[in-house]
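Place chains B and C on chain A using the hints.
Protein chains in written order, with this note's numbering: chain A, 840 to 1108; chain B, 909 to 1181; chain C, 17 to 197.
Watch out, some of these pointers could steer you wrong.
Computed Cβ-Cβ distance ranges for the label pairs, DEER-style [unchecked claim]:
1. 950(B) to 175(C): 20 to 28 Å
2. 1082(A) to 1118(B): 35 to 43 Å
3. 980(B) to 20(C): 47 to 55 Å
4. 74(C) to 1130(B): 53 to 61 Å
5. 1162(B) to 891(A): 44 to 52 Å
If you want the footprint, here are the derived chain A segments under chain B, 3+ residues with CB under 8 Å [what the hints assert, rightly or not]:
6. 874-880
7. 1007-1015
To be clear, the hints were calculated from the coordinates, so they are not data collected in a lab.
Glycine is no exception: its CB is placed at the ideal position from the N, C-alpha and C atoms.
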Amino acid sequence: MKHTILVIIIFWLAWQTGLSQNQYETKIPNIRKVLIEKIPGTLLIEQSQNNVFKIETDKEPSEIVEDERTRGLKPVTSSYDNTGLGLSLVQSGSNVTISGPNQFDATGNYTIFLPPEVEVSVDLTNPFSGQLVEIRGLKNSLEVKTLSGDIKFSNITGPTVFHSISGNIEGSFSDLNQEAPSSIISISGLIDLAMPSNTKAEVKLMSVSGKIYSGFEIEKEKPNKNKDPRAGELAQISGIGQKTSGKINGGGTSLILQSISGNIYFRNK
Amino acid sequence: MKKRIIDYQKTDTMKCNNTQINALLTAYLDNALTPEESKMVEAHLNDCSDCLDELQEIRTLHLQIEHTPLIDPPTDAERRFRQMLEKQHKPQKQSITITVDFSWKKIAAAIIIFLAGAATVLLFQSKTDSDTSSIAHLENQVSQMRQVLMTALIKNDSPSDRLKAVQYAEQISGPSPEVTNILLETLNHDPSVNVRLAAANALHQFAVHQEVRTKLAQSLQQQSDPMLQIVLIKMLVQFHERSMVPTLQDFSHDEKTHEMVKKEAEEALTVLL
Amino acid sequence: MDWLSDEDIMLEVKQGNIDALSLLFKRHHKHLFNFFLQTGVEYHHSEDLTQQVFYRILKYKDSYREKAGFRKWMFTIARNIMRRHFETRKRHPEQELPAILLNISERQTIDSEEEERIKALYKALEKIPPQDRELISLSRFQGMKYEDIAEITGTTVGAIKVKMHRALKKLRDLYFEKADH
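Bound conformation, chain A alone (with noise of 0.2 Å):
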């Protein structure tokens, strides 16, 4: 009884004060894939809880760019703010794509909610794209591509595909998911990763002018029996740049680091 007084009178006080409307709830049904793209501003990940996917932001409205004449109407072309936040949501089958507005305007902080089950990917190559991704303690499948912006996670498990041509590509696994392979490719940023140290993995760790540091044990592969039969009992030609390849705690699931001319470091902590 007492609380549903409250609740009246928080109503009207809401009402009193004229409370914008700026948190609501939708409901999509068959989410699979998330894709996040051109986010106008710093974004970071974490995993939510009971299945709800959220989206936050620090943009106040009045921030959020709007053109007088378009009041009214709804672009045709481009993605337009549906959700109140600057950002359009859509979804076509079984994935909903995030999508900011084509305009330099970076200044936000945007954080993503994501329940575990769904797949992540983010595509800041586009140039009206923040500078920086961080991901937190997601168990989801996550690819990440990005120009100059640079990755960070923490406490992920992959598996993972992430991809910069300048930006660097550091942060910690709590654990490396083996059901797939997991890719991370710096064009000339670096990577630093750590993993855990009893952690099975297939290792390629490749740089073409940068140094490669690892704090694990590498067995070296015995030389590759040429499984291709026109080959015979050729040896096979191996390494393809620095290439430093073989089996951690025995082996597990792949695992490729590579670069052009940044650093590997590849930590055990």
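Coordinates of chains B and C only, in the frame set by chain A:
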């Protein structure tokens, strides 16, 4: 009122020696003592007029304070508070929440069960009719299975799944032209650079075949990622694949080419020409 | 709305209905404001600090523990803010109390005898050490219980009983002496 105060002041000498009890007088008036303490104080008050007087004085002061009105805050205090509250409404993390319905998991589970079923059937078949046949035959069956899984996974939307498919392809013994084609297709068209690179690495073992090398050289022409360009150049140089020379020349002349790729191409050219 | 406890309202705020905080503001901001004045914070700063307390309550609403006394929590925050204020301004709370406390007739019509009395009270309060002012403000002016004050100031109830008595004794001695003049 004033008179009374002066009276107390005059009569009160406050010479009680029992400081321990005296210290409890204020708390006594505030009903903040334990029952034992209260009893002690009451017993003491019976024969200590000093403390009784002091108690009276304390009460007077308390009343005085009680009758002292609090100062009113500035009139706009509440307006300022409301403004603060309003601000909190806005920048303080706007958010949208979406509830996810996971019925797709059932579909995924069904696919896995189907694949697992197909695998056991294959294995079982190989077991029954391999009573007499060789282990090679069994291996062949496993390879066949990998190929089934690979062709299914390579179409998958998830890049990790496609990486897995490429990994299967690498493990297939006696790869078929079909597998090679799928890998080449992946190398040229997969949306993820990571998967394309894995495909390039997997194709390394098939590069002994001239037709594969020709395809790899063609692929080099259309790759835009510097990492892939370097890996392909290194691979093809090993096999002295001269069909890539024009592409390498393009790379070395094009200003947009990544510096390291240019270096790699120029080195390769000196070897190939 | 008086039947709703501070704690009920605060829980509602914690759950995200931040507008409910205005109920608590209405109830307590005057007390907070006077607490700051009585501990030696100037008039306008007292108002600022009062706002700051509520801002902080909102910011840290998630750390509010269920069943924890709201007023106790509020004054703990207020006390921290007040200390910080003196630290950053390098102003000693021993200095005189804000003039507003003594300029009673400017604020309201009041008979002169009463005015004298209140002036005497604040002048006495001005002369006692800041820790004692704080205790007296919390206990006598804001009506906080000994247990709560003990928690706010991080000491035992036993110690508070004695400290309170001593603080009030200092005030009494000064006050009644003043009144005698």
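Hint by hint, which ones does the structure fall short of?
-> 2, 3, 6 and 7
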